[in-house]
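K.L.:
Residues per chain, in single letters:
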Amino acid sequence: MWYRSASFILDKQQQQQNDTVTNPESRPPSSASTAMAAENPNANISMYYQTRAAHHGVVTNDWLAQAQAAVGGHPDDSVSDNYVSGSEEENIRYSVVDEFNNWRKQPELAEAVAAIRALASVIRSSQATTMMELEIELKKASDALKSWDTTSISLTAGCDLFMRYVTRTSALEYEDFNSAKSRLLERAEKFGEISYKARRIIAMLSQDFIFDGCTILVHGFSRVVLEVLRTAAQNKKLFRVLCTEGRPDRTGLRLSNELAKLDIPVKLLIDSAVAYSMDEVDMVFVGADGVVESGGIINMMGTYQIALVAKSMNKPVYVAAESYKFARLYPLDQKDMVPALRPIDFGVPIPSKVEVETSARDYTPPQYLTLLFTDLGVLTPSVVSDELIQLYL
Amino acid sequence: MPDVHSLVNECVTKLKKRKVEGSKATAKLTAELLRSFISQQRLPHSNQAGSLIDAVKTVGEKLIAANPVELAVGNVVRRVLHIIREEDLSLTTAAVGGLSLAAESDDEDDTEHDDHPVLSASAVAAAARNALRPPSLQTLLEDIPHSVAAPHTSSSGGDSEGKSKSADKNSVTRKLKHNVIEAVNELIQDISTCHEQIAEQAVEHIHHNEVILTLGSSRTVMEFLCAAKEKKRSFRVFVAEGAPRYQGHALAKELAARGLQTTVITDSAVFAMISRVNMVIVGAHAVMANGGVIAPVGLNMVALAAQRHAVPFVVLAGVHKLCPLYPHNPEDLLNELKSPSELLDFGEFSDCLDFGSGTGSPLLHVVNPAFDYVPPNLVSLFITDTGGHNPSYMYRLIADYYSADDLVVRGKSAS
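From first to last, the protein sequence lines stand for chains A and B.
Residue numbers for the first sequence follow UniProt numbering, so the first one is 1 and each next one is one higher.
Residue numbers for the second sequence follow UniProt numbering, so the first one is 1 and each next one is one higher.
These are computed hints drawn from the structure, not numbers from a lab.
A couple of the hints might just be wrong.
[Stated by the list, open to error] Pairs of lysine to any residue, SDA-like flavour, derived with a Cα cap of 25 Å:
hint : chain 1 : residue 1 : chain 2 : residue 2
1    : A       : K311      : B       : H309
2    : A       : K315      : B       : S392
3    : A       : K237      : B       : H328
4    : B       : K177      : B       : E196
5    : A       : K197      : B       : S403
6    : A       : K315      : B       : Y326
7    : B       : K16       : B       : A66
8    : B       : K338      : B       : P135
9    : A       : K311      : B       : A399
10   : A       : K236      : B       : A310
11   : B       : K57       : A       : M204
12   : A       : K315      : B       : P376
13   : A       : K315      : B       : K24
14   : A       : K315      : B       : N329
15   : A       : K236      : A       : D271
16   : A       : K139      : A       : M337
17   : A       : K236      : B       : K338
18   : B       : K231      : B       : K175
19   : A       : K261      : A       : S294
20   : A       : K315      : B       : K177
21   : B       : K62       : A       : Q207
22   : A       : K311      : B       : R308
23   : B       : K24       : B       : L337
24   : A       : K237      : B       : N335
25   : A       : K311      : B       : P312
26   : A       : K139      : A       : R183
27   : B       : K57       : A       : Q207
28   : A       : K315      : B       : P327
29   : A       : K311      : B       : D372
30   : A       : K190      : B       : D405
31   : A       : K190      : B       : P135
32   : A       : K236      : B       : Y326
33   : A       : K311      : B       : N329
34   : A       : K140      : B       : Q138
35   : A       : K311      : B       : K57
36   : A       : K197      : B       : Y326
37   : A       : K315      : B       : Q307
38   : B       : K177      : B       : L89
39   : A       : K197      : B       : P135
Fair warning: this is a prediction, and the values are worked out from it, not measured in the lab.
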């Protein structure tokens, strides 16, 4: 586990120090170079996958204690100290990123919910007096959020969705600015609920597809998939789950642990044993980090491989994803995405001449997916673009 | 009331005994039954649409249970439910629109209720936009309107206004039922004329000197081919006989009588002949939400053969065959096993089928499934009354014709 290794903790410590040292310099108080200022301090490691690993990877208590000790203070303290000297606009930017990072730390909260809550905090603290001003402010904040972590698709999608909602509803039905503002805030607060409800809807929709005696292969840790399986178990369905290990952060171990708690028969596979066990599998269930316009999904590394194997053995591949993960992206191939990298621990030292593929996710094209279970209903992959076009027309 | 119940029961037994077969006949029967049921239904003054929907749902549940394989029954029930919802909505929005207008004109005299009615009217308009649409990304963040009728009652003001409204409501009562019956009549009309609608498009798809292959017999396919013939297209038709019912024989006879070049082949010869074929045109039993087709047995084989030789596989289906369900396990759930007498002559095989032989169970078994499932990737085109569609577009049509709340007619009333 890479985050347990001493080198990683050392790295992190160093980077934390660098952060506090270099950041005030790189951020001139003038508001002219605002576009440059909101750089993520460690751009070569995906924040999104780090958070996921922290939430869903196998983390033990002693490691947590170690990490706490190594890092020292709360990472947010250093950030919040910094923006006192900045101008008004920069304050907004840093507080929104700050707010987002705070929400993101909660493991039960979806990324998009965190994004929308962060944007809601912008509305709350905004001194704008017209809808246009508020929109501009929100646009700046959402741009800052998006550039803070370019690897998180649901963050981008959540920001876009909320911006779209703001521009579309404001002028028409509420003439009064304050009532419109409070309405936006209310809806943003409710979004957490919507996200939770979406998970329930998806779980209900997928029940018909899980039949007694079936074997389900799952990859990675997805809250939606867990909810689907939990509901199936509660409905007294008899089924078996094959869980991939999910290297390098071993999210599969965590999922198998959760499933075992629910008394679902579960078997762990190493990631390379998927093809070996595919003949006993009846369906593949995966979550998604993002659903793109082609109807394909971007998900944890290995999903593409599993979908290919499933296709060649004629097994259905089902994706469970909330609709706010639909993103306006159209990757043409695997490398046509913002790279999301993460460190990988091989257990032994790697010779310096050896290169390591550290990408954290891959793109599964739509022809390998059978159906998408979303809160909008059970969809074929081609529906996704339709929904997105309707929204962003 | 009692005669409606007996009507329903009669229909249920008909369906159970499989006396009505074929999706068109059952669809029509269901629609007519529901029409007479609605016309005899007595409605309460408040929430009539809700009570009507509940009543239709209970009847629909019975009908669906009578023959679960005949998906057209469920489709028609869902269509009728959708019609009721639609009519109710258009009536209430019209009523509220008129009301708010009246309130506005009143406002000039008394400024008691300021912008309340105006706001509610706009809210209702917003609700109307969303109520019947399936959930979408657009509406994800918006409030889901719980009941459209709520502002209708909350904005009641003085006495005179209330009185006029109750009178209004009475007319609404009769109007709702009237409109629903009108719309159901239209639906019945649509079902009975879907052949012609589909056949009209024949010339766009069939060209000179083409070879068309079909399997078994479908009224829609026959009309389609004849329509092309009438428009002076000359083409050949291969008819696979469609064992075990051999309906293809009847089709071939009919086509020859209409002056079409017809060749009869056995089902097993489909692969041998497919390389000469330009297009496969077949009918369907039902079209599922993912674009898969429940079709007469043998068609999956034809579809595979067509795919192997890149021959377009065209499915003709009236809109009443569109089913908003997904095939969870089509081989088991949506099939029907027919009588073995269609396969074997009992007189000849009675020895092997004898239960009295050594082990106590017969050595010879006969299975005669009625349907095949053709997955969506094997279908090139659907031709419905509204035009040609891709399999992946089916969900769109379904979203137009059915409302999301009605998808599970059975599950909802059972719980």
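K.L.:
Work down the list of hints and note, for each, if the structure agrees.
P.N.:
Here's how the hints hold up against the structure:
For the given pair, A/K311 sits about 21 Å from B/H309 by alpha-carbon distance, which is consistent with the 25 Å threshold. For a cut-off of 25 Å, the pair hint linking A/K315 to B/S392 stands: about 19 Å separates their Cα positions. For a cut-off of 25 Å, the pair hint linking A/K237 to B/H328 stands: about 15 Å separates their Cα positions. Restraint check for B/K177 and B/E196: not satisfied, since their Cα atoms lie roughly 29 Å apart, outside the 25 Å limit.
A threshold of 25 Å between alpha carbons decides the hint, and for A/K197 with B/S403 the separation of about 20 Å falls inside it, so the pair holds. For the proposed pair A/K315 and B/Y326, the alpha carbon gap of about 16 Å is at most 25 Å, so the pair holds. For the suggested pair B/K16 and B/A66, the alpha carbons sit about 5 Å apart, so the restraint of at most 25 Å is met. The suggested pairing of B/K338 with B/P135 is violated, with an alpha-carbon distance near 40 Å, which exceeds 25 Å.
As the CA atoms of A/K311 and B/A399 are separated by approximately 28 Å, the hinted pair breaks the 25 Å bound. Distance hint between A/K236 and B/A310 is unfulfilled; the C-alpha atoms sit about 45 Å from each other, more than 25 Å. Taking the CA atoms of B/K57 and A/M204, the gap is near 21 Å; set against the 25 Å cutoff, the hint holds. Proximity of A/K315 to B/P376 is assessed by CA-CA distance (about 15 Å); at most 25 Å being required, the pair is judged to hold.
For a cut-off of 25 Å, the pair hint linking A/K315 to B/K24 is broken: about 34 Å separates their Cα positions. At most 25 Å may separate the alpha-carbon atoms for a hinted pair to count; A/K315 and B/N329 meet this at roughly 13 Å. At most 25 Å may separate the alpha-carbon atoms for a hinted pair to count; A/K236 and A/D271 exceed this at roughly 29 Å. Proposed proximity of A/K139 and A/M337 is supported: the alpha carbons are some 23 Å apart, at most 25 Å.
Pair hint A/K236 plus B/K338 does not hold up; C-alpha atoms about 33 Å apart against a cutoff of 25 Å. Annotation: proposed proximity of B/K231 to B/K175 is violated, straight-line Cα distance about 44 Å (limit 25 Å). Taken as a hint, the A/K261 and A/S294 pair is broken in the structure, with Cα atoms around 37 Å apart against an allowance of 25 Å. At roughly 48 Å between alpha-carbon atoms, A/K315 and B/K177 are farther apart than 25 Å, so this suggested pair is violated.
Taken as a hint, the B/K62 and A/Q207 pair is honoured in the structure, with Cα atoms around 23 Å apart against an allowance of 25 Å. Simply put, A/K311 and B/R308 have alpha-carbon atoms about 18 Å apart, close enough for the 25 Å limit, and the pair holds. In summary, the hint linking B/K24 to B/L337 is supported, as the alpha carbons are separated by about 20 Å, within the 25 Å threshold. Of the pairs offered as hints, the one joining A/K237 and B/N335 holds, with about 23 Å between alpha carbons and a cut-off of 25 Å not exceeded.
Distance check on the hinted pair: A/K311 and B/P312 sit about 23 Å apart at the alpha-carbon level, within 25 Å; holds. For the given pair, A/K139 sits about 18 Å from A/R183 by alpha-carbon distance, which is consistent with the 25 Å threshold. For a cut-off of 25 Å, the pair hint linking B/K57 to A/Q207 stands: about 22 Å separates their Cα positions. Under the criterion of a C-alpha separation no larger than 25 Å, the hint pairing A/K315 with B/P327 is consistent with the structure, at around 15 Å.
Only pairs whose Cα atoms come within 25 Å are accepted, and A/K311 paired with B/D372 is accepted, the gap being roughly 21 Å. Between A/K190 and B/D405, the direct Cα distance comes to roughly 23 Å. Compliance with the 25 Å bound is thereby established for this hinted pair. For the hint pairing A/K190 with B/P135, the CA-to-CA distance comes to about 17 Å; that is within 25 Å, so the pair holds. Proposed proximity of A/K236 and B/Y326 is supported: the alpha carbons are some 22 Å apart, at most 25 Å.
Distance hint between A/K311 and B/N329 is fulfilled; the C-alpha atoms sit about 18 Å from each other, no more than 25 Å. Between A/K140 and B/Q138 the CA atoms are separated by roughly 22 Å; this keeps the pair inside 25 Å, and the hint holds. Under the criterion of a C-alpha separation no larger than 25 Å, the hint pairing A/K311 with B/K57 is inconsistent with the structure, at around 40 Å. For the proposed pair A/K197 and B/Y326, the alpha carbon gap of about 22 Å is at most 25 Å, so the pair holds.
For the given pair, A/K315 sits about 20 Å from B/Q307 by alpha-carbon distance, which is consistent with the 25 Å threshold. Distance check on the hinted pair: B/K177 and B/L89 sit about 13 Å apart at the alpha-carbon level, within 25 Å; holds. Between A/K197 and B/P135 the alpha-carbon distance is near 13 Å, which keeps this suggested pair within the 25 Å criterion.
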